[in-house]
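A.B. asks: Given next are the chains, with one letter for each unit.
There are 2 protein chains.
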Amino acid sequence: MLYSAILAGGSGTRLWPLSRAGEPKFLHSLTGTERSLLQATADRIRQLSAADRIYVVTGTAHEAAIRGQLPEVPAGNILVEPSPRDSCAAVSLACAVLARRDPDAIMAVFSADHLIGDEQRFEAAIRQAAATARDGYLTTVGIRPQHAEVRFGYLKVSEALPGGARTVTQFKEKPTREAAASYLESGQYLWNAGIFAFGVRTFLAELARQLPHLSAGIARIADAWDGPGRDQVLAEMWPGLEKISVDYGVLEGAAATGKVATVPADMPWSDVGDFDSLGESLPTDESGNLVIAPMAEVVARDVSGTVVVSTTDRVVAVIGMDNVVVVDTADATLVCARSRAQEVKQVVEELHGRGQHARL
Amino acid sequence: MLYSAILAGGSGTRLWPLSRAGEPKFLHSLTGTERSLLQATADRIRQLSAADRIYVVTGTAHEAAIRGQLPEVPAGNILVEPSPRDSCAAVSLACAVLARRDPDAIMAVFSADHLIGDEQRFEAAIRQAAATARDGYLTTVGIRPQHAEVRFGYLKVSEALPGGARTVTQFKEKPTREAAASYLESGQYLWNAGIFAFGVRTFLAELARQLPHLSAGIARIADAWDGPGRDQVLAEMWPGLEKISVDYGVLEGAAATGKVATVPADMPWSDVGDFDSLGESLPTDESGNLVIAPMAEVVARDVSGTVVVSTTDRVVAVIGMDNVVVVDTADATLVCARSRAQEVKQVVEELHGRGQHARL
Numbered sequence: 001m002l003y004s005a006i007l008a009g010g011s012g013t014r015l016w017p018l019s020r021a022g023e024p025k026f027l028h029s030l031t032g033t034e035r036s037l038l039q040a041t042a043d044r045i046r047q048l049s050a051a052d053r054i055y056v057v058t059g060t061a062h063e064a065a066i067r068g069q070l071p072e073v074p075a076g077n078i079l080v081e082p083s084p085r086d087s088c089a090a091v092s093l094a095c096a097v098l099a100r101r102d103p104d105a106i107m108a109v110f111s112a113d114h115l116i117g118d119e120q121r122f123e124a125a126i127r128q129a130a131a132t133a134r135d136g137y138l139t140t141v142g143i144r145p146q147h148a149e150v151r152f153g154y155l156k157v158s159e160a161l162p163g164g165a166r167t168v169t170q171f172k173e174k175p176t177r178e179a180a181a182s183y184l185e186s187g188q189y190l191w192n193a194g195i196f197a198f199g200v201r202t203f204l205a206e207l208a209r210q211l212p213h214l215s216a217g218i219a220r221i222a223d224a225w226d227g228p229g230r231d232q233v234l235a236e237m238w239p240g241l242e243k244i245s246v247d248y249g250v251l252e253g254a255a256a257t258g259k260v261a262t263v264p265a266d267m268p269w270s271d272v273g274d275f276d277s278l279g280e281s282l283p284t285d286e287s288g289n290l291v292i293a294p295m296a297e298v299v300a301r302d303v304s305g306t307v308v309v310s311t312t313d314r315v316v317a318v319i320g321m322d323n324v325v326v327v328d329t330a331d332a333t334l335v336c337a338r339s340r341a342q343e344v345k346q347v348v349e350e351l352h353g354r355g356q357h358a359r360l
Numbered sequence: 001m002l003y004s005a006i007l008a009g010g011s012g013t014r015l016w017p018l019s020r021a022g023e024p025k026f027l028h029s030l031t032g033t034e035r036s037l038l039q040a041t042a043d044r045i046r047q048l049s050a051a052d053r054i055y056v057v058t059g060t061a062h063e064a065a066i067r068g069q070l071p072e073v074p075a076g077n078i079l080v081e082p083s084p085r086d087s088c089a090a091v092s093l094a095c096a097v098l099a100r101r102d103p104d105a106i107m108a109v110f111s112a113d114h115l116i117g118d119e120q121r122f123e124a125a126i127r128q129a130a131a132t133a134r135d136g137y138l139t140t141v142g143i144r145p146q147h148a149e150v151r152f153g154y155l156k157v158s159e160a161l162p163g164g165a166r167t168v169t170q171f172k173e174k175p176t177r178e179a180a181a182s183y184l185e186s187g188q189y190l191w192n193a194g195i196f197a198f199g200v201r202t203f204l205a206e207l208a209r210q211l212p213h214l215s216a217g218i219a220r221i222a223d224a225w226d227g228p229g230r231d232q233v234l235a236e237m238w239p240g241l242e243k244i245s246v247d248y249g250v251l252e253g254a255a256a257t258g259k260v261a262t263v264p265a266d267m268p269w270s271d272v273g274d275f276d277s278l279g280e281s282l283p284t285d286e287s288g289n290l291v292i293a294p295m296a297e298v299v300a301r302d303v304s305g306t307v308v309v310s311t312t313d314r315v316v317a318v319i320g321m322d323n324v325v326v327v328d329t330a331d332a333t334l335v336c337a338r339s340r341a342q343e344v345k346q347v348v349e350e351l352h353g354r355g356q357h358a359r360l
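Chain order of the listed sequences is A and B. Under our numbering, think of the first position of the first sequence as 1, with each following residue one higher. Under our numbering, think of the first position of the second sequence as 1, with each following residue one higher.
Looking at chain A on its own, in the form it has when it is part of the complex (with noise of 0.2 Å):
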């Protein structure tokens, strides 16, 4: 049985207003069901792993919120983090105190914020990259694109493994418009999905080899974390980690030397980067609007392409609008053109410039 590690950081800037400094995406249902999009993830792996081999990694601001919305998972599985240093140190622990409970284990690595379309090619997928690092591999899911997406990363795929894996030779950053479609082109390239597999055992070594300050950090945190001296040991060497992502500290590196696998996907996916992506992740109506208002009176007459977002029980009418965003909460109205989405994080640099700390 495989072991599970959810990441549950990041404020979702891009969401505002409907996520919060305080309230980030994951908190929240994106999709009108009841279910956050970090129950959601839990749902989602509980054909792969059993509750008590879930791990959550978060930041102290939200341990007691994710304690409430998975009471089936341990409360020694919540690694609570006393800061953020990266997704780099965040699987980083999480691999070295499961290393310690289970030093055989395979533990994929979630984010707690991300939209699947597929669950049975969700969990083919897992099952295939959980089988790929059985085998050695530092094993990644890479999403076959569906057009030159430039908000994201993407993996250079090359020789054919077992299962349909392929080894990763390159990682690349956020391509320019150009570089993203000649990837598209090529048919060598998929989007870097940030969904991972590795036992525990080998991406440590990684660790040690590329990173041998935070590894040797990590290593003295997780001695302590099941006995007395968490704390202090937090205290001492957690401000102290190298602040980087995994892909960088160690996936790179480790593609270099062949130790990298993927596991294409053919599946909907999206990290609901902002109102946009969200709209093109979710099923549209015939007119292409997204609707998730489930108290909200929406009234929409002649409009097309829209996402309309609420969180509360008013009245939210659009008349004679195309490819825009609504997102109505009980304190903030966005309104926004599609195609500006990623700038509502300006929105929200500009609120904090005015003091407007409790909308944010």
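Hints were generated in silico from the structure; no laboratory data involved. Be aware that one or more of the hints could be misleading.
To list a few chain A residues with every Cβ distance to chain B over 12 Å, as calculated [claimed, not checked]:
1. 78
2. 310
3. 316
4. 341
So, partial list: chain B residues that the calculated Cβ filter (under 7 Å) puts toward chain A [said to hold, decoys possible]:
5. 234
6. 280
7. 295
8. 314
9. 316
10. 318
11. 328
12. 331
13. 333
14. 336
15. 356
16. 359
Beta-carbon label-pair distances, calculated as ranges [unchecked claim]:
17. 22(B) to 287(A): 25 to 35 Å
18. 345(B) to 305(A): 19 to 29 Å
19. 76(B) to 353(A): 53 to 63 Å
20. 23(B) to 21(A): 31 to 41 Å
21. 22(A) to 345(B): 39 to 49 Å
22. 287(A) to 287(B): 22 to 32 Å
23. 243(B) to 288(A): 43 to 53 Å
24. 294(B) to 287(A): 28 to 38 Å
25. 305(A) to 22(B): 33 to 43 Å
26. 71(B) to 305(A): 47 to 57 Å
27. 287(A) to 323(B): 17 to 27 Å
Ideal Cβ positions, reconstructed from N, Cα and C, are used throughout, including at glycine.
Given chain A, put chain B in place with the hints provided.
C.D. replies: Coordinates of chain B only, in the frame set by chain A:
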């Protein structure tokens, strides 16, 4: 000294969600000041009519609010209609009641929910209209058209009269686009602003000539108005009164016999028919945006030609939008293309059909 009658009726459906059935637009400030449109109307005629010469005609639903907003107007000058019977009944009632208190009165008639952009020109126009009324004409104020507007009625002018007034030969209903363009080009047409002045005797004589049934009913009501029988006579007569506008009922027919004059006025004027016309009537910022949101925190990024109205202290963030209307109230949000602002009425009908009466 001139008498004034302010007609305070109509629901302002096209300004939903700002105006409501229970709180029509004249009770609101649309200009970002503390004064409602009704109060601004009273303020504007203060130099022309002392407070005890101001009359207000309204419905039962708004009587209390109006008394609260205009405490200086004597209680006996607030004329309350049991039900709406259109403007001819309203004007006739004011004329007939006033005629019994001061038979020689000259009365000007104003709508409670218009915006006027130049107080001095307004005052000069009304003074001239009163003078022309004293000469025996049913006198209107005509606004020189600024563009080929199809939402307004027009006055066709003819001979010059003393003081710059002109005779009116025809009332034209809302024209087609073509007709409006030819009216504008000819220089022979003015916008019918619904501002009138006439001797009460002159008006009542025309009413009796053209609408004898309505005239007789109003006469019976006015005879009883200042005595103990008012309510009984109102209950008996009012529901049977003809529902017709004062333009169709009296002024058109009077124009055909040469009894109507107009005072042409060059001044910004708006009937605030919808949010689009509001944006055209009030001063905008350098990007053409009109923001009326005294309590709200408004963030606009790359926004032009847009009307933002908020009655709350919520955040309203708008990104990358041109020529839209965003209205935010306690229980409803409207996002609308400016060119479709008239369709707000249909949204109200839709909500009505859904039983959302509390939001209307």
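A.B. asks: If a hint holds in the structure, say so; if it doesn't, say that too.
C.D. replies: Against the structure, the hints come out as follows:
With a cut of 12 Å on Cβ distances, residue 78(A) stays outside the contact zone with chain B, its closest approach being about 33 Å. A beta-carbon of chain B comes within 12 Å of the beta-carbon of residue 310(A); the shortest separation is about 8 Å. With a cut of 12 Å on Cβ distances, residue 316(A) falls inside the contact zone with chain B, its closest approach being about 5 Å. Non-interface status of residue 341(A) relative to chain B is broken: a Cβ of that chain comes within 12 Å, the nearest being about 8 Å off.
Annotation: residue 234(B) was flagged as interfacial toward chain A, and the flag is violated, the nearest CB pair being 37 Å apart, outside 7 Å. Taking 7 Å as the C-beta cut-off, the interface hint given for residue 280(B) is violated, the closest approach to chain A being about 18 Å. Hint status for residue 295(B): violated, given a least beta-carbon distance of 12 Å to chain A, over 7 Å. Restraint check, residue 314(B) versus chain A: the minimum CB separation of about 5 Å is within 7 Å; hint holds.
Annotation: interface hint on residue 316(B) holds; nearest CB of chain A at approximately 5 Å, less than 7 Å. Among the interface hints, the one on residue 318(B) holds; its C-beta lies about 5 Å from the nearest C-beta in chain A, closer than the 7 Å criterion. Interface hint status for residue 328(B): upheld, as the beta-carbon distance to the closest one in chain A is roughly 5 Å, under 7 Å. At its closest, the beta carbon of residue 331(B) sits 5 Å from a beta carbon of chain A; the interface hint therefore holds under the 7 Å criterion.
The interface hint given for residue 333(B) is met, as the beta carbon of that residue sits about 5 Å from the closest beta carbon of chain A, less than 7 Å. A hinted interface residue such as residue 336(B) counts as satisfied when its beta carbon comes closer than 7 Å to some beta carbon of chain A; here the least separation is about 4 Å, so the hint holds. Checking residue 356(B) against chain A by beta carbon gives a least distance of about 6 Å; that is within 7 Å, so the hint holds. Below 7 Å, beta-carbon pairs count as interface contacts, and residue 359(B) has one with chain A at about 5 Å; its hint therefore holds.
For the hinted restraint 25 to 35 Å between residue 22(B) and residue 287(A), the CB-CB distance of approximately 33 Å keeps it satisfied. Range check, residue 345(B) to residue 305(A): Cβ separation about 25 Å, and the 19 to 29 Å hint holds. Taking the beta carbon of each, residue 76(B) and residue 353(A) are about 56 Å apart, inside 53 to 63 Å as hinted. In this structure the supplied range 31 to 41 Å holds for residue 23(B) paired with residue 21(A), their Cβ-Cβ distance being about 36 Å.
Evaluation of the 39 to 49 Å hint for residue 22(A) and residue 345(B) yields a pass: the beta carbon distance comes to about 40 Å. At about 30 Å, the CB distance of residue 287(A) to residue 287(B) agrees with the hint of 22 to 32 Å. Taken as a hint, the range 43 to 53 Å holds for the pair residue 243(B) and residue 288(A), whose Cβ atoms sit roughly 44 Å apart. At about 36 Å, the CB distance of residue 294(B) to residue 287(A) agrees with the hint of 28 to 38 Å.
The given range of 33 to 43 Å is respected by residue 305(A) and residue 22(B), whose C-beta atoms sit roughly 36 Å from each other. In this structure the supplied range 47 to 57 Å holds for residue 71(B) paired with residue 305(A), their Cβ-Cβ distance being about 52 Å. Our hint of 17 to 27 Å for residue 287(A) and residue 323(B) holds, since their Cβ atoms are close to 21 Å apart.
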